[in-house]
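There are 2 protein chains.
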Amino acid sequence: MRFEVLILGNSSATPIFERHPTAQIINFNEQYFLIDCGEGTQMQMHRYGVKSNKISHIFISHLHGDHYLGLIGLLSSMNLHGRTADLHLYGPSVLIDIINLQLKYSDARLQYNLIFQPTNPDQEEVLYRSEKLTVRSFPLKHRVPTTGFRFDEGPRSASLIREKIEKLNIPKVFFGMLKRGIDCVDVDGTVYKAAELTKPAPASRSYAYCSDTRAFEKYVDSIRGVDLLYHESTFLHELVDRAEETCHSTCKEAGMVARQVEAKKLLLGHYSARYKDLTPLLEEAQLEFVNTELSFEGKWYKV
Amino acid sequence: MRFEVLILGNSSATPIFERHPTAQIINFNEQYFLIDCGEGTQMQMHRYGVKSNKISHIFISHLHGDHYLGLIGLLSSMNLHGRTADLHLYGPSVLIDIINLQLKYSDARLQYNLIFQPTNPDQEEVLYRSEKLTVRSFPLKHRVPTTGFRFDEGPRSASLIREKIEKLNIPKVFFGMLKRGIDCVDVDGTVYKAAELTKPAPASRSYAYCSDTRAFEKYVDSIRGVDLLYHESTFLHELVDRAEETCHSTCKEAGMVARQVEAKKLLLGHYSARYKDLTPLLEEAQLEFVNTELSFEGKWYKV
Numbered sequence: 001m002r003f004e005v006l007i008l009g010n011s012s013a014t015p016i017f018e019r020h021p022t023a024q025i026i027n028f029n030e031q032y033f034l035i036d037c038g039e040g041t042q043m044q045m046h047r048y049g050v051k052s053n054k055i056s057h058i059f060i061s062h063l064h065g066d067h068y069l070g071l072i073g074l075l076s077s078m079n080l081h082g083r084t085a086d087l088h089l090y091g092p093s094v095l096i097d098i099i100n101l102q103l104k105y106s107d108a109r110l111q112y113n114l115i116f117q118p119t120n121p122d123q124e125e126v127l128y129r130s131e132k133l134t135v136r137s138f139p140l141k142h143r144v145p146t147t148g149f150r151f152d153e154g155p156r157s158a159s160l161i162r163e164k165i166e167k168l169n170i171p172k173v174f175f176g177m178l179k180r181g182i183d184c185v186d187v188d189g190t191v192y193k194a195a196e197l198t199k200p201a202p203a204s205r206s207y208a209y210c211s212d213t214r215a216f217e218k219y220v221d222s223i224r225g226v227d228l229l230y231h232e233s234t235f236l237h238e239l240v241d242r243a244e245e246t247c248h249s250t251c252k253e254a255g256m257v258a259r260q261v262e263a264k265k266l267l268l269g270h271y272s273a274r275y276k277d278l279t280p281l282l283e284e285a286q287l288e289f290v291n292t293e294l295s296f297e298g299k300w301y302k303v
Numbered sequence: 001m002r003f004e005v006l007i008l009g010n011s012s013a014t015p016i017f018e019r020h021p022t023a024q025i026i027n028f029n030e031q032y033f034l035i036d037c038g039e040g041t042q043m044q045m046h047r048y049g050v051k052s053n054k055i056s057h058i059f060i061s062h063l064h065g066d067h068y069l070g071l072i073g074l075l076s077s078m079n080l081h082g083r084t085a086d087l088h089l090y091g092p093s094v095l096i097d098i099i100n101l102q103l104k105y106s107d108a109r110l111q112y113n114l115i116f117q118p119t120n121p122d123q124e125e126v127l128y129r130s131e132k133l134t135v136r137s138f139p140l141k142h143r144v145p146t147t148g149f150r151f152d153e154g155p156r157s158a159s160l161i162r163e164k165i166e167k168l169n170i171p172k173v174f175f176g177m178l179k180r181g182i183d184c185v186d187v188d189g190t191v192y193k194a195a196e197l198t199k200p201a202p203a204s205r206s207y208a209y210c211s212d213t214r215a216f217e218k219y220v221d222s223i224r225g226v227d228l229l230y231h232e233s234t235f236l237h238e239l240v241d242r243a244e245e246t247c248h249s250t251c252k253e254a255g256m257v258a259r260q261v262e263a264k265k266l267l268l269g270h271y272s273a274r275y276k277d278l279t280p281l282l283e284e285a286q287l288e289f290v291n292t293e294l295s296f297e298g299k300w301y302k303v
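If you read the sequences in order, they're chains A and B.
Here this note's numbering is used: the first residue of the first sequence is 1, the next is one more, and so on.
Here this note's numbering is used: the first residue of the second sequence is 1, the next is one more, and so on.
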C-alpha cells in the first residue's frame, strides 16, 4: 500500500532558483492529502501530474502567504473543472473568512461542499481518523498560530504465505480472516491456523510535517518515532540568531530534533532564498542525524 | 522612448498548456506598470527578467481570481526584498480590504507605502497623469465590477535635424526649446527657426487593455483610435452563447471592436482552456481585422 510524499514546493518566503513556496502531496493508498498550498501550487500539480480531483483533504499549517496563497486559486479551479466531491479543509480558524471574502467578491459559488474544520494551535488534536489512517495536528512555535501534521497508518494486515496457501488449496473465502489473525475451520473440519499461514504484519508507518517552527519546542512529543520527518531547515546554524528572531530552525537543529525523537529519516526543506547550493545544508544536518535527505521538488519520498 | 507591453499571462480562468492567468507589464520609458496580477505573476516576472522594484503602479481590472490572486504574494515579496519606494495600487474598492485581511493574519507590516485608489466601475476616470503619460480606467461589462485601462502618451518632442544643427554649430543650450517648437536668438543675433531645424514630432502612442468584458458595450468610446488594443478573446464565435452567458468576447467580436474603434493593431488573449492550438482564434479575428496578433507569454509588443 502506497504511502509517499511528493514535494511541490520547498522554498521559504519567496520563490527563487526554480524553487516554489511550500506545498506537498501525501499519497496514502491513492487517496491524496495536500499539506500547505503556496502560490503556484496548482501549476506545480500540473507539472508533476497530480490530478486535483484525487485530493480529498487539505491541511494548512498557518497563514503566512508562502503556505496558503495558492489555496483560493486551487479551490476555484476545482470548481471550474466540475468537482462535485466533498473537500475537507483544515487550518487556522480565520482561513475560512479569507476564502469566503474572496469568493464573495468574485461572485463565485463552489459547486462542491467545502467542509472546514479549524485547527487548534494550542494542543494536539485528531483531525481525521479511519481504520487505515489517523491525521493529527499539533502546535508548532512560529510568529503566528501554526500547527504541524502527523499521519499515522493504522494496523497493517499480515500477508499470506503463498506457497502454503496454494499447497493446501485453501479457499479464498478464508484469506481475509487469516490475514487478520483468525484461525478458520473448513466444512470438512480442517483447521487453518493463521499463525502458520501468514507472515507477521509489517509495522505501521508514520509521517510528520513541521513547518514553520522554531526547533525544540514541546512538539517533539507529537512527532516521536516517526518513520519520515519533514522538518523545516531555513538556515545554516551560523544564522541561528536569525532563526531565533524569525522563529525558524537551522539545519543542525532539524538534525538534532530528528535524533531526539528517534525518527527513521529526516527530510529537509523550506530553504532560505540565500542558499542556491543546498549541499552545505544537508551536510550540516547529517552531522547530527545521518539519515537525512534534501527535499527536491517533483520527487516522491517513501514514508 | 520605449512604450511596450510584456505578456506574463494569457490564459483565462485556469492555468493550462503552460499558459498562466492574466498579467502584463507596460514599460513606458523604463517605468513599469503592472496590469492585473494572476496567481504566479511573481514567478513569471522572474522567468522573464522583470525586477519588481521597477514597478511603480499596479492596476487590477476586477476581482476574479485569475486577475488578482498573485497580488498579495507579490506585495509580500517586494517587502521581503526590502522595497521602500511607494507603490500605487488601483482596483475595485474592496481589494484593499482583502489585502488588509491577509496582511493582518500573516502579522506582516509593509515597509513601503502602498497607496490605494479605488477604480470607478461606472464611468471613465483619470488615474494617473504626468506630462508624459495619462492612464485612465473605463467601465467594462463583466459579471462583477470591472474596468479596462488606457495609456496615452503625452505630446512627443520634435527631433532635431542633426546635419543642419551640426552645420550651423548651434549651441546645445537651444536644443530643448527648438524641440518644443520655439525659435531662438543667439547672442550675436542669429535666429534659429524651430520649423527649419526640426522634424515634426511623431504622433503620441496609446494602449488599451480590455479584459474581461462582453464585446460592444459603451467602452468603445474609451478606446477609440488606440495604437495597440489588447482585447480578450476567450472563445471562438461558434461559442458566442457561452460568451454571452459568461460575459466574455469571441475572437470575431474582438476583431469587430478593433475595426469599429479604428485601432491600429489588435492583440488577442485570455484564451479559454479548451483551445490548445490558437491558430483558429487568430484566423477568426483576422477576418474582421487584418492587423491582429496572438499574444504569447514572455513576448514584448511595441505600442
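Treat the hints with caution; some may be incorrect.
Any copy, or any two copies together, can satisfy a pair, since identical chains are not distinguished.
What the hints assert, rightly or not - With a straight-line Cα cutoff of 25 Å, these simulated SDA-like cross-link-like pairs (lysine to any residue) come out:
1) K54 - R274
2) K172 - E131
3) K104 - R242
4) K141 - D107
5) K51 - R274
6) K299 - R47
7) K104 - S93
8) K276 - S52
9) K193 - F174
10) K51 - Y275
11) K132 - F17
12) K132 - K265
13) K104 - L114
14) K179 - L110
15) K276 - D221
16) K299 - I16
17) K104 - K179
18) K299 - F17
I should point out that these hints are in silico values taken from the structure, not numbers from a laboratory.
Hint check:
{"no.": "1", "hint": "K54 - R274", "verdict": "between (35 Å within a copy, 22 Å between copies)"}
{"no.": "2", "hint": "K172 - E131", "verdict": "within (23 Å within a copy, 86 Å between copies)"}
{"no.": "3", "hint": "K104 - R242", "verdict": "between (39 Å within a copy, 23 Å between copies)"}
{"no.": "4", "hint": "K141 - D107", "verdict": "between (37 Å within a copy, 15 Å between copies)"}
{"no.": "5", "hint": "K51 - R274", "verdict": "between (32 Å within a copy, 17 Å between copies)"}
{"no.": "6", "hint": "K299 - R47", "verdict": "both (12 Å within a copy, 22 Å between copies)"}
{"no.": "7", "hint": "K104 - S93", "verdict": "both (18 Å within a copy, 14 Å between copies)"}
{"no.": "8", "hint": "K276 - S52", "verdict": "between (30 Å within a copy, 20 Å between copies)"}
{"no.": "9", "hint": "K193 - F174", "verdict": "within (11 Å within a copy, 107 Å between copies)"}
{"no.": "10", "hint": "K51 - Y275", "verdict": "between (31 Å within a copy, 20 Å between copies)"}
{"no.": "11", "hint": "K132 - F17", "verdict": "neither (38 Å within a copy, 37 Å between copies)"}
{"no.": "12", "hint": "K132 - K265", "verdict": "within (22 Å within a copy, 61 Å between copies)"}
{"no.": "13", "hint": "K104 - L114", "verdict": "both (15 Å within a copy, 24 Å between copies)"}
{"no.": "14", "hint": "K179 - L110", "verdict": "neither (43 Å within a copy, 59 Å between copies)"}
{"no.": "15", "hint": "K276 - D221", "verdict": "neither (33 Å within a copy, 51 Å between copies)"}
{"no.": "16", "hint": "K299 - I16", "verdict": "both (18 Å within a copy, 22 Å between copies)"}
{"no.": "17", "hint": "K104 - K179", "verdict": "neither (51 Å within a copy, 53 Å between copies)"}
{"no.": "18", "hint": "K299 - F17", "verdict": "both (16 Å within a copy, 22 Å between copies)"}
Hints 11, 14, 15, 17, counting from the list given before, are not met by this structure.
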